[in-house]
Amino acid sequence: MMEVQQLELDLWQSLEIAFRFPETADLRSLCDVLEQTLSDQSLTEQLTVAGDVLVQLSEVHAARADLLISGWERRHNPAEPVVDLENCVDLFVQSLSLDVTDLFEEPEPVQYPANRKQKSSIQEEGSIVGEVDKNTLLDWVDQVAA
Numbered sequence: 001m002m003e004v005q006q007l008e009l010d011l012w013q014s015l016e017i018a019f020r021f022p023e024t025a026d027l028r029s030l031c032d033v034l035e036q037t038l039s040d041q042s043l044t045e046q047l048t049v050a051g052d053v054l055v056q057l058s059e060v061h062a063a064r065a066d067l068l069i070s071g072w073e074r075r076h077n078p079a080e081p082v083v084d085l086e087n088c089v090d091l092f093v094q095s096l097s098l099d100v101t102d103l104f105e106e107p108e109p110v111q112y113p114a115n116r117k118q119k120s121s122i123q124e125e126g127s128i129v130g131e132v133d134k135n136t137l138l139d140w141v142d143q144v145a146a
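Quick note on our numbering: the sequence shown kicks off at 1 and runs consecutively.
Accuracy of the hints is not assured; some may be wrong.
[To be verified] Here are the simulated distance ranges between beta carbons:
#1 Glu59 x Ser39: 23 to 31 Å
#2 Arg28 x Asp66: 45 to 53 Å
#3 Asn77 x Ser97: 31 to 39 Å
#4 Asp90 x Trp12: 30 to 38 Å
#5 Ser39 x Val83: 56 to 64 Å
#6 Ile69 x Trp12: 23 to 31 Å
#7 Arg75 x Leu47: 26 to 34 Å
#8 Asp10 x Val82: 40 to 48 Å
#9 Asn77 x Asp40: 44 to 52 Å
#10 Leu98 x Val132: 23 to 31 Å
No wet-lab data here; the hints were simulated from the structure.
Virtual Cβ for every residue (Gly too), placed ideally from N, Cα, C.
The task is simple: from the sequences and hints, build the whole structure.
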């Protein structure tokens with residue numbers, strides 16, 4: 001009977017340590033200790049102890065899963081880390097104006113030849129473009145259509 005109590009104490013201490021450090025817990029050895037503890041007990045005691053231990057083992061599994069998932073999310077998080085800008089105000093330039101006049105050059109003036117041709121009245125007289133009376137135009141369209 002003393003040995004059963006000692007095994008039970010070892011089991012509960014091991015479960016407490018496993019709950020505090022779920023990433024290093026050896027769950028298989030905890031199950032082995034549970035089997036040894038249950039071997040010399042009555043059925044009612046076995047069911048009571050096994051139920052309590054299985055609840056705690058499931059909590060250890062859940063804590064381990066949370067640690068693994070949070071570690072994975074930290075490694076594979078596509079978002080940039082959030083930076084507290086209040087402590088870094090001096091690192092940023094807070095200006096709304098930007099002087100870009102040094103980036104542009106003055107355009108070079110274009111020199112036109114001094115001997116440019118003047119408009120001649122001959123070109124205007126030789127043109128066939130001019131005003132036409134509406135009736136004359138309609139008569140011409142009728143002649144072409146016929």
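We went through each hint and held it up to the structure:
no.	hint	result
1	Glu59 x Ser39: 23 to 31 Å	holds, 24 Å
2	Arg28 x Asp66: 45 to 53 Å	violated, 20 Å
3	Asn77 x Ser97: 31 to 39 Å	holds, 37 Å
4	Asp90 x Trp12: 30 to 38 Å	violated, 55 Å
5	Ser39 x Val83: 56 to 64 Å	holds, 58 Å
6	Ile69 x Trp12: 23 to 31 Å	holds, 28 Å
7	Arg75 x Leu47: 26 to 34 Å	violated, 42 Å
8	Asp10 x Val82: 40 to 48 Å	holds, 45 Å
9	Asn77 x Asp40: 44 to 52 Å	holds, 50 Å
10	Leu98 x Val132: 23 to 31 Å	violated, 60 Å
Hints 2, 4, 7 and 10 from the list above are not met by this structure, while the remaining hints are.
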